[in-house]
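Asker: Here is how the chains run, residue by residue.
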Amino acid sequence: MVEDVIERFKPLFEPRTVAVVGASTRGAALPNIFIRRIREFGYTGEIYPIHPSAQEIDGLRAYRGLGDTPQPVDYAYIAIAAAQVAPLLREARGRVRFAQVISSGFGEVDEGKALQEELAAAARDGGMRLIGPNCLGLYTPRGRVTFAEIGPEEVGGVGIVSQSGGLGTDIIRRGFARGLKFSGLVTVGNCADIGPNDLLQFYFADPQTKVIGMYIEAAKDGRQLFEILRGARAVKPVVILKGGRTSQGRAAAVSHTGSLAGDDRAWVALSKQTGCVLVETLDEFIDTLLMFQALQPQPQHPTQRVALFGNGGGASVLATDCFARLGLNVEPFAREAVDALAALKLPPGTSITNPVDAPVGTLQQDDGRVAEKILEIIYARGRPEALVMHLNLSAFVGRTKPEVLDNLVQAALRVQARYPGQAHFVLVLRSDGEPALEERKRSFRARALEFGVPVYDEMVNAGCALSALQRHERFLNVRESNA
Amino acid sequence: MITVIAEARKQNRAALDERAGKELLAAYGVAVPRSVVVPGVAEVAAALGKLNLPVVVKVMSPDILHKSEARAVRLNITSSEELAMACEEILANARAYKKDARIEGFLVEEMAPAGQEIVVGGVRDPQFGPLVMVGLGGIFVEVLADVSFRICPITRRDAGEMLDELKGAALLRGARGRKPVSRTAIVDVLLKVGGEGGLLMTHAQDIAEADINPVVVSEHGAVAVDARFVLAKSGG
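Chain order of the listed sequences is A and B.
Residue 1 is where the first sequence starts when you use my numbering, and the numbers rise one by one after that.
Residue 1001 is where the second sequence starts when you use my numbering, and the numbers rise one by one after that.
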């Protein structure tokens, strides 16, 4: 069964042959751009442009129809006028495995509903599985196929299915900027055939996928979604960004994807019963996926006590409040840890309970290496379930040597590596948007990610993602301890 | 077991009446008060012989959905004389409330022992199918919307978590000097209504909405005192 689903989707995620329908001889249409992008992405399989008359497109030999290519087609990318798609699919003669229809003008508008029925029937007649219509494409680094201009080169562990194409692009681009690496991303649009549930089953089975993210506007088969998630027993974290949860959002969802949205209370129940994590915004979605990508959930001791360490007294206080509201405890350390920190004889103005608030003057001691000693004590004596180290990069500008920040980050990465699995380690690098600082942040982020440390822009982002991790850990904890 | 639903369908009713609803609940093992149905005032006295006092009497009419609003209910009746008078009175009230209401008789029930009132409900979600709901009775449900939902079928753990999630959960544990009520009894009702093979799963095609309100819970058990099931249109 597991092998079946992997085998079934292999031509989609690792196509050996790709047909492109809608490319023009002048090379300006979206399908021409798609050909360029997959070549740049390193796709080495066969590319078959399909065109009614041209001999050649973008230097590739063109074919009349989907049934006329030298080899059967694993994946067809189709962007032509809506009315032309069904006849095209009917002539595939069982030689196409997956057809993704980018074109719009189907079920998302009243006058296109009949056309969508016809499209689905044509796909069945042509013997293929259909993705879309009204979507943007797919991004599969293992197959070197992408619709997106920018995205991570490497294969990662985050598997995404998105009912919105534009949001799919955002997830790739913003996710890339924040360090996500994907096992795949499929935009499914109107879901005339393949829907989020099918890809959810694939990602659960796929050994490459570690965490699953879904953007859903309408669950056509909510009952099946419930059953898949419940059956999976949260073996992989599933993060759901649901559009149209309010009645106003729902009106927008109807016009957008052309089907009715479920009721919010059913979604809340779904998350309580299956352990999937519901998030509210695109940022929270990416932040949460990043947390699960980087950190291994610890169901035996769910995240509860969090240690904060960094510069900025006000930021620490606000973060403590924010974390408390999210159900995370930033409570003072036990005597043992406080005594050990006191023995370091840090300069006045340093607070050594929890949060540990160390101003720049303290952090620049020993060119930043002081952080290593502080972190050692927090790990060994404070024993929190999660440790959030935060640096306000702006506060160091003009006050310390540039290497102080490097040393602080290095110290953090070294210490956390000495305590694998003991406490989740999260880095928050705050800045004011000044280009030079942003650039340094980018390079720190890249270095941290190599160590498996997730980096966030603000404390609230880290807090929300930690709270999602906590919910997942608690769900597993309760279900595993006395199932 | 489903004859009450078939019967209501045959009569083109949009909902099960109280007696049919309780029959359905009883078929799934939910405790309902012992009751007798009598066709008219002349026969009520005989009904009392079969029941423990005190009793409640209600007018049965497919045209009156909110019986308390129509003052078609009398509680705490302790003798046959009192019962006969009550019947005359609530019949008059019902006619005053709705002149041409069809009267099908009187429902005489044993009165449930006092306890904490809760509400158990059900609704069919277009995407997820049947959902089950629980809340505390009165203002907790009506004003504060302090309820929790789950997708059916629920497990025993789901049912427990539904109760823990209520803001008024402390009342069930015996806050403000009250006796704690039986948590097991509530969980059992939730499972019989929303669990595997329960009422909502079995009749998912027929039941659009369910309101079992109130269920009276004491230290010892839970009794469904009133129930209303709205049937799905077309049964599909």
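Watch out, some of these pointers could steer you wrong.
Said to hold, decoys possible - Derived DEER-like restraints, expressed as beta-carbon distance ranges: (1) D321(A) with R1156(B): 34 to 44 angstroms; (2) R36(A) with E1209(B): 48 to 58 angstroms; (3) A1232(B) with D125(A): 33 to 43 angstroms; (4) Q1205(B) with R479(A): 26 to 36 angstroms; (5) D1100(B) with R233(A): 52 to 62 angstroms; (6) R233(A) with I1139(B): 33 to 43 angstroms.
Simulated from the structure, these hints should not be mistaken for laboratory data.
Built from N, CA and C at the ideal position, the CB exists for glycine as well.
Asker: Work down the list of hints and note, for each, if the structure agrees.
Answerer: How the hints compare with the structure:
no.	hint	verdict
1	D321(A) with R1156(B): 34 to 44 angstroms	37 angstroms, holds
2	R36(A) with E1209(B): 48 to 58 angstroms	55 angstroms, holds
3	A1232(B) with D125(A): 33 to 43 angstroms	35 angstroms, holds
4	Q1205(B) with R479(A): 26 to 36 angstroms	31 angstroms, holds
5	D1100(B) with R233(A): 52 to 62 angstroms	57 angstroms, holds
6	R233(A) with I1139(B): 33 to 43 angstroms	38 angstroms, holds
In this structure, none of the earlier numbered hints is contradicted; all agree with it.
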